[in-house]
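Participant: Here is what each chain is made of, one letter per residue.
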Amino acid sequence: MPVDIDIEHVARLARLALTPEELERFRRQLGLILEHAEKVREVAAEDVPPTAQPIPRANVSRPDEVRPCLSHDEALSTAPDVEDGRFRVPRIVEQDEP
Amino acid sequence: MSELCDLGAHELARRLRQGEASAADVAESALRRVGELDERLHTFLRVTPDLARLEAARVDERLAAGGELPAVAGIPLALKDVLTTKGVRTTAGSKILEPYVPPYDCTPWSRLEAAGAVLVGKTNCDEFAMGSSNENSAYGPVRNPWNLDTVPGGSSGGSAAAVAAGEAVWALGTDTGGSVRQPASLCGVVGLKPTYGRVSRYGLIAFASSLDHVGTFTRDVRDAATLLSAIAGHDPMDATSLPDPPADFTEGMDAGVRGLRVGVVEDWLSMEGIQPGVAAAVRSTIDRMDALGASVETASLPHADYALSAYYLIAPAECSSNLARFDGVRYGLRVDGEAVDVAEMNARTRGAGFGDEVKRRIMLGTYSLSAGYYDAYYGQAQKVRTLVIRDYQAAFERFDVLVAPTSPTTAFRLGERTEDPLAMYLSDIFTIPSNLSGTPAISIPCGLAPDGLPVGFQVMGRLGDEATVLRAAYALEQDLGFAAQPPLLGDLVHR
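If you read the sequences in order, they're chains B and F. Read in the working numbering, the first sequence has 56 at position 56, and its numbers run on one by one without any break. Read in the working numbering, the second sequence has 377 at position 377, and its numbers run on one by one without any break.
Worth flagging that the hints you see were computed from the coordinates, not collected in a lab. Where hints are given, some of them may not hold.
Distance condition first, Cα-Cα at most 20 Å in a straight line; then the derived EDC-like pairs of lysine to aspartate or glutamate [stated by the list, open to error]:
id, chain 1, residue 1, chain 2, residue 2
1, B, 39, F, 272
2, F, 86, B, 73
3, F, 95, F, 344
4, F, 86, B, 74
5, F, 95, B, 22
6, B, 39, F, 305
7, F, 86, F, 113
8, B, 39, F, 267
9, F, 95, B, 81
10, B, 39, F, 375
According to the in silico footprint, chain B covers these stretches of chain F (three or more CB under 8 Å from chain B) [as the list claims (entries may be wrong)]:
id, region
11, 307 to 316
12, 326 to 333
13, 344 to 352
Owing to the predicted nature of the structure, the values given are computational and were not obtained by experimental measurement. All C-beta atoms in this analysis are idealised placements derived from N, C-alpha and C, irrespective of residue type, glycine included.
Start from the sequences and build out the full structure, keeping to the hints where you can.
Facilitator: Shown next as structure tokens:
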């Protein structure tokens, strides 16, 4: 049975503004894909440990050395909007009405 | 007679050193081919003729000065547009990165550039490497040079088609679920996915970090080993990069397959849905391995059936996390509209900038990682991954390599599978297990099916053992002598 999904909640979590048509289509398609994907539960027994990546490596570090990196201007060069040497965005915090 | 751009890199390298051709001649040959074909194939998102000519001129200067040259010097190369190139626009096939000009180079390209490689351009691909047909590119699909009504495969379809059509002599792509091997199979070229971590991913626009590999497209196996040698090796900028020292992967390649223990993944060959022409070409290639003295027996990967399901939980989960960075703040597109706050701007930008398949996978990944579902989906998929890895470990106790088809079918028609995501996903059913396990695998062309389209033969090896994979593939290639070219090339009028 296709999986039933609260698609509007998922779109909010994913920060995706979707049209009603997209929401409906994804609700249907994701339900079918997840139905197929549920197959993983048939074999994933309690005693099988999960694997996050094929060649597990932990705490990989390199020497903490000062070396050249992107300049301030280079880092900002790709931004859609910049002001005073910073990324400019719409307001983040609420403001009281005057 | 073929043009310079139709030759293998090793033959071009010889001619450059013998003074039979200049790097400028070679570059012009590839650029001319792009001019002749690209309107029809749409292989490139960006051609870089000025850069190519500059790099070729530098190689010619070095040749004139009589110095030793790296193997890749002067050879026209194409790069999939998910690999960043400083000063050359890089879009990952997405509208959300349409204006993006990277301020830095990815490691594979910085190594190749330093060695004198000649960049022809950035190749078209499925958006953020998500797809199996190239139809998910925001800039329109690539056509398969073997038949313009069919897809080149994906997601690195542009790189595969460029090498098949002579627009580049070799190319880099990326393989997260088969995105190098499957298009190589569909376009009749050699596609190599090395061991996880063999090639640095610094500067690769990430899709699914535990599955992403940089791989090569070449005309033959020797070139694959040569190109891999040039880009492999530890990179401190990628924490998953293997610590191994640089190696020459052409070494020992010609040792033959006598005595090699070859396991045939019989379940895949007899799977429902495999095209009879594909199964026949692969079976006759297996017979050749036997004739060449390999010991051929049936192998089994019992959990491979579950690999596709696990992949379509793990890859979207990682993609939903990786693609969170496209927020309209630091790079790429921004869609402001009447956004009242930054969250609304993020959502509008992402809604307008991402295509259908990318949105579908972000949604799928977000759902499967969300509170209450994590253990049921992502957690279970990671357990299946363990089972797939154990399958390979057991098989590689008995066998040196495993062989199978690369994809169940030859190139399919444009539009044939776009309405059915699950049917599209099946195209990668034989390639995905090696991404989950991180083991090396190669696809080589092994013949043409009755539909006139190439069939790919897959050789899979142990973790870190590219050498045996290349050795088996090279022996087969020498024996098969596959030399067919896309019919399209025969129609070109040459001066």
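Participant: Mind listing which of the numbered hints don't hold for this structure, in increasing order?
Facilitator: none
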